[in-house]
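**Q** For the protein sequence lines, the chains are E and Y, in the order given. As numbered in our numbering, residues 2 to 432 make up the first sequence, in order. As numbered in our numbering, residues 137 to 318 make up the second sequence, in order.
Take the hints with a grain of salt, since some may be wrong.
Cut-off 27 Å, straight-line C-alpha distance, at most; resulting in silico cross-link-like pairs (BS3-like, lysine-lysine) [unchecked claim]:
| id | chain 1 | residue 1 | chain 2 | residue 2 |
| --- | --- | --- | --- | --- |
| 1 | Y | K240 | Y | K171 |
| 2 | Y | K318 | E | K231 |
| 3 | E | K289 | Y | K315 |
| 4 | Y | K318 | E | K298 |
| 5 | E | K403 | Y | K316 |
No lab work stands behind these hints, which were simulated from the structure alone.
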Amino acid sequence: MAGKLTDADLKPVAGGGLLDRRLLLKGGIVLASAQAAASSLSAADTKAASPIEPSDPPWLHATGGPFTGYGTPSKFEKYVVRNIGGNRTPAGDGVSWTPLEDLEGIVTPSGLHFERHHDGVPDIDPALHRLVIHGLVRKPLEFKIDDLLRYPMQSRFLFIECGGNSNAGWHSEPIQRPVGAFHGLVSCSEWTGVPLSILLDEAGVDSAASWVIAEGADAGLLNVSLPLSKLTDDAMLGLYQNGERLRPENGYPLRLIVPGWEGITNVKWLRRLHVADQPAMTRNETAKYTELLPSGKARMFTFVMDAKSLITSPSPGQKMYGANVYEIRGLAWSGRGKIAKVEVSADGGKTWAEAHLQDPVLAQCFTRFRAPWAWDGKPAVLKSRATDETGYVQPERDVLVKERGREGYFHYNAIVCWAVDEDGEITHVYA
Amino acid sequence: MSTLRHIAVVIALVAPFGVARAADGGNVVAPRLGKPMTAAEVTAWNRTIFPDGRGLPPGHGTAEEGRILYAEKCARCHGAHGEGATAEDLIGAPTPPTREDPNKTIGAYWPFATTIFDFISRSMPPAAPGSLSADETYAITAYLLAANNVISQDDDMNDKTLPKVEMPNRNGFIWIDVKKPK
């Protein structure tokens, strides 16, 4: 119900000033938000000789710019870019992070989708690209991209997260970076393509088959093995991302989409599916993308990305401007299904308040959460904790480290913790 | 209208489509546009190498031959002695990793020797993947296995011997999201 707020409405429901999430539905509350320290280019950066009055800016008095064949963001948003890291030798081996702190809603713009390439981005002519399916099938088949475009399609909003995302969380000291340059090897898009089950059915899979080895057409011919059951269950051949054909860095002209499973299984530039009775034990499922435990044994075929959440605002690099009512904003996702609940804490986890989950809440997709917070200007410690529809609860860092040690590198999904000091500065802490 | 009728006639005559199961459990009608491949075409495409050696090409090489190739093709990024540089370290003790020594080099961590051949042949060196011959790839694989004290200097690596190499950490892995077969 929209309406007048009473003192009772503004009574905290958890420590540190967290308010009832239902306030967000009342529409009567004015929330401030933390602001990026390095914010968009402002008028001050482009100051003209004579001051411009916002009541009568010059763009009211002259024809605007020309039409464009393909639009780009405003020049005032030029700092909202992927953070490129890891490019050393060779040049094609590295990552770029999605700037999660600069984005809202649940869809990542295609040009800001994170990247993890092992040997660069191939420049593929779709007319020369083929997908072949062979191995334990009745009829090995070759498909042209134009053929695949004629098959029935489906669209799903799905996150893709690198198995190595957030790995700085294993460090003994908390890393100080914007949230995207720490946790931004995850992005969410609307993917459209052909259910893989249709093509596997056309090839006629042998009853002895249980695995499929997928291979990409990059310079490294990246290959991984996947259980056949997942591929026939809900995998698709992705052709479109956010309505347009895939970007080269996201697999143009064809990538595998494996909902909820670690990024490397979503093979980009897909060229070959080898149906088999066993995994190929490739480098990227043995030497890499396995997690060494304190026992000396290592976890292998850890495909599912477990539930995770983080607060994107306020977050490190942003600043809060004094005691006021703020909106805590964040993202949650789970490879096992829908997010059931996100709780936030402003007192380091002593007490929790349930956040509002913004529609839509979809399986294996980003869910945007929001929580009103009356910050009193005193030091506070913010956390968020996701629970998915299977009942899985995102673990505290000490619990995860106790179970996994600190040498696993992959699959870090612990609760993320930000400290706010009296000046409104935000730092990453372990607490 | 006439187009629709035409399509209906074609479907009735040759049925170039199939009914497949959709992810939501329903059925979808789909065309069948895949071009059947000949055995020779499959061979030309197939690059999978399995741990049991299936897919390994003919050829062979020894550690001594591989040492020279390693220095020429690999050392710049992986270090003169496989100690790692801009790329990861490859050579370490041939004992499984422990809490005190969480070593992930080939001798300590990699469970299958065929993986080395497969990865080099498809991905290395990064500036010119696919440029090494099968003999050269067997030789570099032999060098890396010998440098990790997994095989001896004189062992010849080929499509028969490589899959038989017993890696020290062969049983060091726990399958998580797939049930491991007996």
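**Q** With reference to the structure, classify each hint as holding or not holding.
**A** Going through the hints against the structure:
1. Y:K240 - Y:K171: violated (43 Å)
2. Y:K318 - E:K231: Judged against 27 Å, a Cα distance of about 21 Å means the pair holds.
3. E:K289 - Y:K315: The hint holds at about 20 Å.
4. Y:K318 - E:K298: holds (18 Å)
5. E:K403 - Y:K316: holds (25 Å)
The structure fails to meet hint 1 from the earlier list, while all remaining hints are met.
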